[in-house]
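K.L.:
Chains as they are written, first to last, in the numbering used here: chain U, 5 to 351; chain F, 819 to 1035.
Treat each hint with caution, since some may be false.
List time: in silico BS3-like cross-link candidates among lysine-lysine, alpha-carbon distance up to 27 Å [unchecked claim]:
{"#": "1", "chain 1": "F", "residue 1": "1031", "chain 2": "U", "residue 2": "118"}
{"#": "2", "chain 1": "U", "residue 1": "137", "chain 2": "F", "residue 2": "961"}
{"#": "3", "chain 1": "U", "residue 1": "118", "chain 2": "F", "residue 2": "961"}
{"#": "4", "chain 1": "F", "residue 1": "872", "chain 2": "U", "residue 2": "140"}
{"#": "5", "chain 1": "U", "residue 1": "164", "chain 2": "U", "residue 2": "188"}
{"#": "6", "chain 1": "U", "residue 1": "164", "chain 2": "U", "residue 2": "34"}
{"#": "7", "chain 1": "U", "residue 1": "340", "chain 2": "F", "residue 2": "961"}
{"#": "8", "chain 1": "F", "residue 1": "1031", "chain 2": "F", "residue 2": "961"}
Some, not all, of what chain U presents toward chain F, calculated at C-beta under 8 Å [claimed, not checked]:
{"#": "9", "residue": "110"}
{"#": "10", "residue": "112"}
{"#": "11", "residue": "312"}
To be clear about the criterion: a stretch of chain U counts as covered by chain F if any three or more of its residues have a C-beta under 8 Å from a C-beta of chain F, and this derived list gives those stretches [to be verified]:
{"#": "12", "stretch": "85-95"}
{"#": "13", "stretch": "100-109"}
By construction, these hints were calculated from the structure, which means they are not laboratory data.
A quick note: this is a predicted structure, and the numbers were derived from the prediction, not measured.
Ideal placement from N, C-alpha and C gives every residue a C-beta, glycine not left out.
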Amino acid sequence: MIRLENVSKTYGSGAHAIQALKHVDLHVPKGSIHGVIGLSGAGKSTLIRCVNLLERPTTGSVQVDGEELTRLSGPSLNQARHQIGMIFQHFNLLASRSVYDNIALPLELVGMSKDAIQERVLPLLDLTGLADKADKFPAELSGGQKQRVAIARALSSRPKVLLCDEATSALDPQTTGSILELLKDINQQLGLTILLITHEMEVVKTICHRVGLISDGELVEEADVGDFFTAPRTQLGREFLNDFLELEPPGALVERLEAEPSANSHPVVRLAFSGDAVATPLVSRLARECGVDVSILQAKVESIQGRTLGLMIAELIGNSHDTRAALKYLEAHDLKVEVLGHVQRDA
Amino acid sequence: MSNAMLELILEATLETLYMVGIAGLIAAAAGIPLGVLLYVTRPGQILANPLTQKVLAIVTNVGRSIPFIILMVAIIPFTRLIAGSSIGTNAAIVPLTIAAIPFVARLVEGALNEVPPGLVEAAQSMGATPYQIITKVLLPEAKGGIINGMTITVVTLISYSAMAGAVGGGGLGDLGIRYGYNRFDPVVMLITVAILVVMVQGFQSLGDHLVRKADHK
Ligand SMILES: Nc1ncnc2c1ncn2[C@@H]1O[C@H](COP(=O)(O)OP(=O)(O)O)[C@@H](O)[C@H]1O
Ligand SMILES: [Mg+2]
């Protein structure tokens, strides 16, 4: 539904040029919710704004529903934009218009009659839970209500695609949850394809099917959400995941970590396990089958897209032969194992 | 005070309102579009056009920097061409209007600048044309600021009209000078000043009321 091919975007020129996107390829299939996550300044907004050509890519191709948008301009581009809804971090509602009239705006732009507009707007007020707010003005609404109006407005032209630029970043966690639920409903009920960008793993976890990781203008990693949360392939992906899970080895331990094993040291590992592995009585089996004691330093279990994800930081205590065997055992049972370092036994 | 005097005062009041009203209307009709053009041709704006923007900016700045009293004298031939004479109430309207147009344009440009850029972006994302963005987003969202600007313009025009009156344009300024200064009648002068004060107050209150109605903030 959305296809970006080799998209690059450079702001400015000469010595002041900033390359905000570098050769980005992205494909969002019809009906899916695709997230792009990255740190501030990574190029997320630029990426999503290239999809409806609010920013024109310097090079590359942008297709929405099979139509090459970079070839369009003026009226034909406006025409294509009616098929692409967009919501923003700061809502961007017109203060001079009531809730009803804000939602009606995209329809006024295409010259729809008042009656036809009403037939579109009323069901959207219901869908977004705003039926009693039709005559209110944006200044009278909470942040969550404003974003609901923005969503209704984006949907009024019956777009094929919805773009969300940090749509929940200005909202508190509870309101974020309800807006994400609404987006999920819309995706399921209307089959709407959603591309969203965010810097919050929580958002990705809650509604995305697939996720891309953007860093310094490059898409460095792309995966199903379940895979991304169990086994990110890049260092940045792991950092996002650790921040999200708040699973870092304790500071005192970090100071003692050594990169290389020595005579009297134990490995400290980060284990990620998903699906069936969670249910396995892992710790006791390691002790029994490898003769290794597991000292759990931190552990956490999360449910992501219906998949269970467990994370653990643990010290494997035993002689070097046995701990090596234990690591092999873990890997053989589909656990992601990362050796963080080694600690001396009696430090 | 004689009836004849009262009649003179009433007539002068109406003349002032007439001069200010007509000049204000024409200045709004020309100044608002000019202000919109100044704004939308800025770099990065919906109809960005550096050359047009530069020319318009220079013209408005020149217009605004000429002192009114000099403008009035300098454009006498033009005034005569438009109004058929260089003295009288109608003649006074010409320099008043010319002075007010760039004034309005800059105030409108400033009001448009207060519209959050995100709103224009949202409209663009909906496929709005530049014309639709101006009429459905920029002007309605800047309405309060524009009314505010027009109020300032009208108040300024009232004081300019007193100046115009002094050189034969009629109105309250003319009356105040003729009777108060030349014939040394302080009562008439005080009355004209009082009427001007009430007029300014009235327009300011009306403007503030309209701004409150326009702004849903
Ligand atoms: N209009 C612009 N002009 C110049 N530089 C820009 C512009 N917009 C964004 N940038 C730069 O491009 C980079 C990516 O920005 P952005 O896409 O907004 O990142 P994000 O949304 O991930 O925070 C940043 O370095 C930013 O400063
Ligand atoms: Mg951004």
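K.L.:
Would you mind marking each hint as holding or not holding in the structure?
P.N.:
Status of the hints after comparison with the structure:
no., hint, result
1, F:1031 - U:118, "holds (24 Å)"
2, U:137 - F:961, "holds (23 Å)"
3, U:118 - F:961, "holds (24 Å)"
4, F:872 - U:140, "violated (41 Å)"
5, U:164 - U:188, "holds (15 Å)"
6, U:164 - U:34, "holds (9 Å)"
7, U:340 - F:961, "violated (60 Å)"
8, F:1031 - F:961, "holds (10 Å)"
9, 110, "holds (4 Å)"
10, 112, "holds (7 Å)"
11, 312, "violated (39 Å)"
12, 85-95, "holds (count 7)"
13, 100-109, "holds (count 3)"
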